[in-house]
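Chains as they are written, first to last, in the UniProt record's numbering: chain A, 1 to 461; chain B, 1 to 461.
Careful: at least some of the hints might be erroneous.
Where chains are identical, the list cannot tell them apart; a pair therefore holds if satisfied intra-copy or between any two copies.
What the hints assert, rightly or not - Below are the DSSO-like pairs computed for lysine-lysine, each with C-alpha atoms no more than 30 angstroms apart in a straight line:
| # | residue 1 | residue 2 |
| --- | --- | --- |
| 1 | K344 | K269 |
| 2 | K230 | K77 |
| 3 | K458 | K316 |
| 4 | K237 | K77 |
| 5 | K230 | K436 |
| 6 | K32 | K230 |
| 7 | K154 | K144 |
| 8 | K407 | K240 |
| 9 | K237 | K145 |
| 10 | K32 | K237 |
| 11 | K189 | K244 |
| 12 | K77 | K318 |
| 13 | K77 | K148 |
Rather than coming from a laboratory, the hints here were simulated on the basis of the structure.
There are 2 protein chains.
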Amino acid sequence: MLRSLKKLTLAGLLCLPLAASAQNQDSLHIRKIYDLALTQGQSYEQLRYLTSRIGARLSGSPQAAAAVEWARQEMDKMGLDRVYLQEVMVPHWVRGDKEYAAIVNSKITPTREVNVLALGGSVATPANGLTAEVVEVQSIDELKKLGKKKVQGKIVFFNRPFDQTHIITGHAYRGAVDQRSSGPSEAGKLGAVAVVVRSMASNTDDFPHTGGLRYADGAPRIPAVAISTKGADVLSKLLKEDDKLQFHLRMNPQWLPDVLSYNVIGEIKGSEKPDEIIVVGGHLDSWDIGEGAHDDGTGCVQSMEVLRLMRSMGYKPKRTIRAVMFMNEENGLRGGTKYAEVAKKQGEKHIAAIESDAGGFTPRGFGIATTTEATFQKALSWKDLLAPYGLHDIDRNGGGADIGPLKDDRVALIGFRPDSQRYFDIHHTANDTFDKVNRRELELGGASMAALVYLIDKYGL
Amino acid sequence: MLRSLKKLTLAGLLCLPLAASAQNQDSLHIRKIYDLALTQGQSYEQLRYLTSRIGARLSGSPQAAAAVEWARQEMDKMGLDRVYLQEVMVPHWVRGDKEYAAIVNSKITPTREVNVLALGGSVATPANGLTAEVVEVQSIDELKKLGKKKVQGKIVFFNRPFDQTHIITGHAYRGAVDQRSSGPSEAGKLGAVAVVVRSMASNTDDFPHTGGLRYADGAPRIPAVAISTKGADVLSKLLKEDDKLQFHLRMNPQWLPDVLSYNVIGEIKGSEKPDEIIVVGGHLDSWDIGEGAHDDGTGCVQSMEVLRLMRSMGYKPKRTIRAVMFMNEENGLRGGTKYAEVAKKQGEKHIAAIESDAGGFTPRGFGIATTTEATFQKALSWKDLLAPYGLHDIDRNGGGADIGPLKDDRVALIGFRPDSQRYFDIHHTANDTFDKVNRRELELGGASMAALVYLIDKYGL
Chain A
1 MLRSLKKLTL AGLLCLPLAA SAQNQDSLHI RKIYDLALTQ GQSYEQLRYL TSRIGARLSG
61 SPQAAAAVEW ARQEMDKMGL DRVYLQEVMV PHWVRGDKEY AAIVNSKITP TREVNVLALG
121 GSVATPANGL TAEVVEVQSI DELKKLGKKK VQGKIVFFNR PFDQTHIITG HAYRGAVDQR
181 SSGPSEAGKL GAVAVVVRSM ASNTDDFPHT GGLRYADGAP RIPAVAISTK GADVLSKLLK
241 EDDKLQFHLR MNPQWLPDVL SYNVIGEIKG SEKPDEIIVV GGHLDSWDIG EGAHDDGTGC
301 VQSMEVLRLM RSMGYKPKRT IRAVMFMNEE NGLRGGTKYA EVAKKQGEKH IAAIESDAGG
361 FTPRGFGIAT TTEATFQKAL SWKDLLAPYG LHDIDRNGGG ADIGPLKDDR VALIGFRPDS
421 QRYFDIHHTA NDTFDKVNRR ELELGGASMA ALVYLIDKYG L
Chain B
1 MLRSLKKLTL AGLLCLPLAA SAQNQDSLHI RKIYDLALTQ GQSYEQLRYL TSRIGARLSG
61 SPQAAAAVEW ARQEMDKMGL DRVYLQEVMV PHWVRGDKEY AAIVNSKITP TREVNVLALG
121 GSVATPANGL TAEVVEVQSI DELKKLGKKK VQGKIVFFNR PFDQTHIITG HAYRGAVDQR
181 SSGPSEAGKL GAVAVVVRSM ASNTDDFPHT GGLRYADGAP RIPAVAISTK GADVLSKLLK
241 EDDKLQFHLR MNPQWLPDVL SYNVIGEIKG SEKPDEIIVV GGHLDSWDIG EGAHDDGTGC
301 VQSMEVLRLM RSMGYKPKRT IRAVMFMNEE NGLRGGTKYA EVAKKQGEKH IAAIESDAGG
361 FTPRGFGIAT TTEATFQKAL SWKDLLAPYG LHDIDRNGGG ADIGPLKDDR VALIGFRPDS
421 QRYFDIHHTA NDTFDKVNRR ELELGGASMA ALVYLIDKYG L
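Next comes chain A alone, as it looks inside the complex (with noise of 0.2 angstroms):
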């Protein structure tokens, strides 16, 4: 394949007209950046080494700051133009070292644990824990509809499942996360004392998928865990024979005082339009448990990776090409926030932002959120350049977490769009680690990102 595509390339450089001799370079250009991503790419071992050497990372954690400093190293052996630490001040919430949950007072079966993760945030139960009878809902909406008098006292168990009928599986998560999110505090409004939630995963196992709760305003602080898959159909069976069992959850986690870290930059300088600016990144921080492989060790090497394939071409950027390793994506954005915050203050132009925050899968396209339409049409005729490496899938649906405060009318936010099917089961658990990475998927996605650098670079956006 790739020798009959350098025939067609070639013969297209001596006899077409400008504009397709100018698609044969380009499709030249991108397939040297895939040959080299899939022979000397690097992302691969530096992940191995933030995964299994430095692990599992949450704001504030010690390990947090060696991913800093790794980062920051790794850079640094690139030569590029400037590498840089932005400081930001994270929360710093820790699991506590007491997590345990159970079933108990049960007609039908003696006591019996079950996997939990405390949520991100989540506040601590008393020290010897608590026990209460459970009530079983599948939305916000239900949950309201049983008002105080069935809720007052009790602990609230959302149990709907994923929506196995998405496609794109991510679709399937927004459309729980609401029980995680929002759950724990409108069951504390109805005077629950804690919220146990089906994890959102793709597949039924024994992993609690943890993730971050929003307590609004207000409203009363109550402890919430995830259950396992396994777990929450267990706990359902059981609630139908005996919807008097209780469950007994003792927990003690702790938020203490912020710390100071950092997002970690590196840049190659434009050469024409060094005030226009294009971001490629990451997240740096993980949760607490787990190795952080594909949330988001991935996101971050494939950012890095970018910039040192342009450096191992000798390729030099018309425009500013910056990657960003951002910090505190899981519990509380500040990274994305303060980015974009210094990004305003300073004046500076960011023509696009392209985030990997989905999984080191393998490329499927690009989500591309403008709010011109011309701009979506000039990404979209790039298809047939990126399509022999099925990126097929371009469309409206961008954006991303750290990158959507850069949000104004000048700037694509662009999501990397690997496949989708494995990520949710292993989001956000004990089993997102580097062995359930693939070495040709990984170097594919960063290989596709600095191929829509390149065209962005080239051509503007």
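We have chain A already, so just place chain B on it with the hints.
Showing chain B alone in chain A's frame:
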């Protein structure tokens, strides 16, 4: 996404002209296929049984017999119009119990064991093994240039790696596999005593990848093994430092008499054109290591799922739909050959055959081999119906080993095309096990095949 699609389609049914309305009916029908597969699909649990309870199942083995009986019973349960076994005599090669290889008599290393696997069909070494110097080559051409003088009495080490720059890994496999299939005979002709082949692998690890060899008529038959990619790198490095080092190889595989086995066939009779047959198939046999999960348990359960989905939707096909689980794809192709022979003898008219034998990964499209341009264009006209499910790669590179013998001017030979990045990490290794298969990816594959069968059945091809 689902909801908006449904709305769109309902609107379409009410006010669009006939062609568009038919397309919307198709779109609804296909959506229902995927919904069912993703929520009630049975392939994953079927595959768990085949891989975990039956396991590796080389032709002629007791496990192959178990797989035949299992497939027959599975299809029997489905209430098909006909389930039957098609007799086929298969070769029976066994690996033996003495596979051992080591680098010996080297100036720079003490005896160092390396992981190898006899190639399927290889003859044995003498009972005490053989020991010889090693000559490393990158290709059969290079071997021929060395000539008898430099090869005689030696072990030939084919070490051309997988070309990582291919985006579709199957292309890299095809570019490397001649070393394994023809290398042993070419080396034998020049007086070599054995062959060691670098594994056709996309990753670097300690697992050797086996696979079939073809002894040429009249050429000396010498023992041949695959060495893991890590092992090959070590051997190559040591050879550079000490080109007189010796390699010891000991193994006792053998050929036993042919065994009676079966293709397993299930069928739903066509309501309007029962004489026109559409086949979906995979192969039931596997190599004798690992569990034959992606190669090709997945193809078997997906093929059965196509029929099951039709049944469970109450869909009555116009044409006859057959799921065929072929026997002996790996080391003889006797099942595929027999199936085509019988079809020809009975004057059966096959209009399309779809083979799934590239792993149970996320679907990306179909390769459609046909002698008729109109047939290909018809398939291409369905692109918009398939694209929402990630099926963008519709091209002419169709076919498959088992359906190959069906080739004539009337039948379209179609290869199901899953994502290829992970396949050659585990292909033909002890690592091809159930845990490498993702439930959603697998079920999406069966649904994709069912969607294509639906369109071919409805519109012909």
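Consistency of the hints with the structure:
Proximity of K344 and K269 under a CA criterion of 30 angstroms is satisfied intra-copy only: 19 angstroms inside one chain copy versus 68 angstroms between copies. Taking the closest pair of Cα atoms, K230 and K77 come within 30 angstroms of each other only across two copies (28 angstroms); inside a single copy the shortest separation is 46 angstroms, beyond that limit. Within a single copy, K458 and K316 get their C-alpha atoms as close as 10 angstroms, which meets the 30 angstroms cut-off; across copies the closest is 55 angstroms, which misses it. In this homomeric assembly, K237 and K77 come within 30 angstroms of each other (Cα to Cα) only across copies, at 28 angstroms, whereas the closest approach inside a single copy is 56 angstroms.
Proximity of K230 and K436 under a CA criterion of 30 angstroms is satisfied in both settings, with 21 angstroms inside one chain copy and 20 angstroms between copies. Taking identical chains as interchangeable, the C-alpha atoms of K32 and K230 lie at most 30 angstroms apart only when they sit on different chains, with a minimum of 27 angstroms there against 46 angstroms within one chain. Proximity of K154 to K144 under the C-alpha cut-off of 30 angstroms is restricted to the intra-copy arrangement: shortest distance 14 angstroms within a copy versus 80 angstroms between copies. In this assembly of identical chains, K407 and K240 lie within 30 angstroms of each other by CA distance neither inside one copy nor across copies; the values are 48 angstroms within and 57 angstroms between.
Within a single copy, K237 and K145 get their C-alpha atoms as close as 22 angstroms, which meets the 30 angstroms cut-off; across copies the closest is 72 angstroms, which misses it. For the identical chains of this complex, K32 and K237 are inter-copy neighbours only, at 28 angstroms across copies versus 56 angstroms inside a copy, given an alpha-carbon limit of 30 angstroms. For the homomeric pair K189 and K244, the shortest alpha-carbon distance inside one copy (22 angstroms) is at most 30 angstroms, but the shortest distance between copies (80 angstroms) is not. For the identical chains of this complex, K77 and K318 are intra-copy neighbours only, at 22 angstroms inside a copy versus 65 angstroms across copies, given an alpha-carbon limit of 30 angstroms.
Proximity of K77 to K148 under the C-alpha cut-off of 30 angstroms is found in neither arrangement, the shortest distances being 60 angstroms within a copy and 50 angstroms between copies.
The structure fails hints 8 and 13 (numbered hints given earlier, in ascending order).
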